[in-house]
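Chemist: Here is how the chains run, residue by residue.
Protein chains: 4
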Amino acid sequence: MVIVLRPNTSKEDINKIKNKMESLGCAVSETIGENRSILGLVGDTSKIDPGIIESNRNVEKVLFVQEPYKKANRLFHPGNSVIKIGDQTIGGDKLAIIAGPCSVESEDQITSIAQDIKQAGAGFLRGGAYKPRTSPYSFQGLKMEGLELLKIAKEKTGLPIVSELMSADVLDSFLEYVDVIQIGARNMQNFDLLKKVGKTNKPILLKRGMSSTIEELLMSAEYIMAEGNENVILCERGIRTFESFTRNTLDLSAIPAIKRKSHLPVIIDPSHATGLWWMVEPLAKAAIVTGADGLIIEVHNDPANAKCDGQQSITPQRFAKLMETLKKIAEIENKTI
Amino acid sequence: MVIVLRPNTSKEDINKIKNKMESLGCAVSETIGENRSILGLVGDTSKIDPGIIESNRNVEKVLFVQEPYKKANRLFHPGNSVIKIGDQTIGGDKLAIIAGPCSVESEDQITSIAQDIKQAGAGFLRGGAYKPRTSPYSFQGLKMEGLELLKIAKEKTGLPIVSELMSADVLDSFLEYVDVIQIGARNMQNFDLLKKVGKTNKPILLKRGMSSTIEELLMSAEYIMAEGNENVILCERGIRTFESFTRNTLDLSAIPAIKRKSHLPVIIDPSHATGLWWMVEPLAKAAIVTGADGLIIEVHNDPANAKCDGQQSITPQRFAKLMETLKKIAEIENKTI
Amino acid sequence: MVIVLRPNTSKEDINKIKNKMESLGCAVSETIGENRSILGLVGDTSKIDPGIIESNRNVEKVLFVQEPYKKANRLFHPGNSVIKIGDQTIGGDKLAIIAGPCSVESEDQITSIAQDIKQAGAGFLRGGAYKPRTSPYSFQGLKMEGLELLKIAKEKTGLPIVSELMSADVLDSFLEYVDVIQIGARNMQNFDLLKKVGKTNKPILLKRGMSSTIEELLMSAEYIMAEGNENVILCERGIRTFESFTRNTLDLSAIPAIKRKSHLPVIIDPSHATGLWWMVEPLAKAAIVTGADGLIIEVHNDPANAKCDGQQSITPQRFAKLMETLKKIAEIENKTI
Amino acid sequence: MVIVLRPNTSKEDINKIKNKMESLGCAVSETIGENRSILGLVGDTSKIDPGIIESNRNVEKVLFVQEPYKKANRLFHPGNSVIKIGDQTIGGDKLAIIAGPCSVESEDQITSIAQDIKQAGAGFLRGGAYKPRTSPYSFQGLKMEGLELLKIAKEKTGLPIVSELMSADVLDSFLEYVDVIQIGARNMQNFDLLKKVGKTNKPILLKRGMSSTIEELLMSAEYIMAEGNENVILCERGIRTFESFTRNTLDLSAIPAIKRKSHLPVIIDPSHATGLWWMVEPLAKAAIVTGADGLIIEVHNDPANAKCDGQQSITPQRFAKLMETLKKIAEIENKTI
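These protein sequence lines map, in sequence, to chains E, C, D and L. With our numbering, the residue at position 36 of the first sequence is 36, and numbering never jumps. With our numbering, the residue at position 333 of the second sequence is 333, and numbering never jumps. With our numbering, the residue at position 252 of the third sequence is 252, and numbering never jumps. With our numbering, the residue at position 167 of the fourth sequence is 167, and numbering never jumps.
The hints are simulated quantities; they were obtained by calculation from the structure and are not laboratory data. Only true hints are included.
As the list makes no split between identical chains, a pair holds if one copy fits it or if it spans any two.
Okay, derived cross-link-like pairs now, BS3-like style, lysine-lysine, Cα gap no bigger than 27 angstroms in a straight line:
#1 Lys196 - Lys143
#2 Lys321 - Lys335
#3 Lys11 - Lys70
#4 Lys143 - Lys199
#5 Lys261 - Lys321
Start from the sequences and build out the full structure, keeping to the hints where you can.
Modeler: Structure (structure tokens):
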């Protein structure tokens, strides 16, 4: 951590800051410039709240050297984390392909889609039972009934289930019915929920908030890991920018960025990122060659009549064709599907 | 709602869409252009999920005419809403000035600040008991003890209490201890929490998410109102942009925008918007002349040693001086403090 | 174009607007809703300035149906444009690989790099002679001497030259020395410059402004094409967002978006998008599988001593290795390099 | 400047970097941390291109201590700059009110508006002769004829003229006809144009690019000042964000930010920032209380028939009323109009 002081800060005021930093366990070295002095801090600064330093009126700004996360940091865990889900894994040489509808709508719908995607080679079934919708008047999901239907689909296909948890109220049911708990983009900084899932040992699929930086995503992972649950899978699903052609802007550079900074696996959601079914294929391919550990893709057997997000869902037929292409791409990357 | 069809959509496919729209209760008028046809929908479209229409592969895009919110919409409630909190109000001719520290730290701290801001003319005391922090290693608030201390501060000063609720687990305590429940920016789309506070009749201070549009803010208000609680106060607290000089970019044009679209009161948080104590004064003044119904300002008696956000807190002395200036400004706006 | 009227607009005022629209050559159909009426316009609206309509106080908003560009629009030119540069092309089945240093620094440097990239399979040499730099104190390029050196490199390798034009003052020299004129991101809306290059028949590589929408990029292409020069190649090079890990955020979804809307070729600049040499490889691959017609990549033989942008330049050795990988990727896409 | 090194950089590699920095005239102090070492640079680093340092593969990042601008920096010029334009000033206790139409349309139009705004108390007349338009098919301004008409309006009212220069081709005419040369947002980084106006002594109104940081705005001012012309007036006119209710998001916090960092005057353009005539009044007032040195406001005598931007123009009547309010506001700020 580097502290830049305001011009003309007195020797006495500098010493006060140095003493405070030393009391927090840091060694401090001072560089005196013509206009501004700077203090370099050595030691573990990851647990120092920078606001505590910036609140000093003689401090112009605080510059970060060390990342503020520890458990998610590759520096202290050089190898890639591989998360186990039943006999499947996410994070190794086998790409994790998660597919399924935005919402569970009926037994027929979810089992039919599950069977189709399984046949095409998907490894996991996604399906929303509790749905975060911008409007209170939109379909909010089948809730518990949805979880029951996912269970049936799992029994028929063997596919592990990925579903979004919106409230700790139903965490127990999720622990029973679901194999990977998804924390959605809108709840990425719902710290209470993060702590609660951090106390379980269930794998967590943590989606990047639509205006969250990569560092904030890693800090939210740190919340879960700090409670003891290190089974965290990160997911980039588009960030909010000025461009409105796509619903969000898929930030594929987040993949190499996260890979450099963290050991956690990263998957990509091209469906929510673009909101456009015809962009799913090119961006799914792009994710794989950029180094993603997997994909989460919306598949619906009747998109035009889907209860939500039909415009970003592809049909099982198109999904099967995409899987063929992805297998070729994976080979070039020395990965399998 | 206007539906723009893809070029060369067949007459038959157009009729299918028309029939579907009519089945949803809309009258449909068709305009046939050289390259594209468009369908105009008449009727209450606020409860139609646009995704359901966009999922049709012949639909190029859906353009909105009507706002998707009803209870928050000024069109159906032309007068300004005035929210009552004890013998105070928010939304009328008297500006609501909410002040206090980021976090409650001790009885001395909170009562001393409460007395100072009361003397300076503030109407409400804010103080965080449960704190949403980016890092799990930062101070997370005194929790229940914080609520107890706020209660003491209220007893000593009579100031109603504003505090942030992060989890429905402690909603009952908030209903008992707090006069206005704040929903923070990070939880603006925590729909589960919105529904739960919507089932109470406690005034809700709903902060705009840092990457939420004005329409999304109004939709989140609609979530609360749709459950029966119409005591919603909106708060603009800065949006996330590319500019990093300030922590966020305060969007003051949100005030006239919201005033035009909704009858709900709007207050401004210049402290969180900028993250810089020396910007609080100019932007607080700006908020008032732009039509805000009030302000929420961080005040701390010892910013350099505050447990959080000291860099954006002003001292009680500076706050008292600011209040003098705000009174003059309010007069020009035909308002009082 | 659809005009949404303010609630309670009088019949008389509606007629005034209808008459004005009809005088501009449009047929107008009216849809009368409970709260708001809307006017649908049929005819060529691409040349109607929406501001002229929105300036009417009874108009709430104008919604677009038709794209505002014509010559760049795929609707009127369904096949892909293929731009010819000497015996090379951009836009067909052969990917255009443009490589070279940020700045031309010396004859040795530029000819050495040119020979290396040619051997690796690049089709074009890029090199800056006139450099747009944020600081007036940074190296501004060798200017005319740089163009002379590029000419020498072309003579030695046969590679066509791509270089950025910043000012119409030197357009004549560029017409003589350069094969593709690059218009940089900062000049994407320098309309005067666009018109001037539009009067030539030189191929133009038009970079997307860092905060320009895809539609604005196409409108800038339209400026050039409207003057008669249809040899426009578009380039996505990252947009400005809140994320600061990378210099900009590469928007790969712009490729399928542009391909759907326009017939012009699109290439990707992963070097400027990320500002990080180690991200060039993954994002270059991603661009190809997303449908890009080519790449523009910074290559420097001594990045650590480059006069500009060394941190985003890769070495000729690394470039040669990247080309091997790209060839395999291209094959899957049924393209060649 | 602080250089953060990659983990495990060797002593030898550190010394190479230290030597390079010393050769650029800096003293270097080294702080050795457990995981990363940092180098603190002392001396004038404003002319060091950070890219030159970041290009070293052992450098993780470069953190800035000193601002990269000198002539625009308040550190070296503590007092406010006051720019003289005839017998008027911008930057002192008298607020500069610049008003007039988007485009000059006819002699009647411009002289009538000029007389109206003068009577209401405006100090300067704005009017576009050369217009930057997104579409090549929109009205592009009356060009030289527009400048002639502005001259007539000046002769009739004595108001100095502010008009936008888009191309150096007509700089000589602007030097003759215009009192303040405006550089538009789209040309803020047209460095060639900046250098050319920097060689004159005409006051320059430099608008912030819609996606430019405050620091980049100051760097563009530095371009002009480095050529010898220190008569620069900065203008905030809205930045591009995800919010689309307003055309851009007016960033009023830029005023205190710029005032802290620079001595140059700052004015605000609420018309372009919002694109909505009914937002001009509240935001104009807000600008004054936030510390702006003036305003530039679009006024048109017939907005519904304006050739451009009628939706953001106010009538002379409304402008006169606004001026009355602004006078009261100015008084509170100890300023005059």
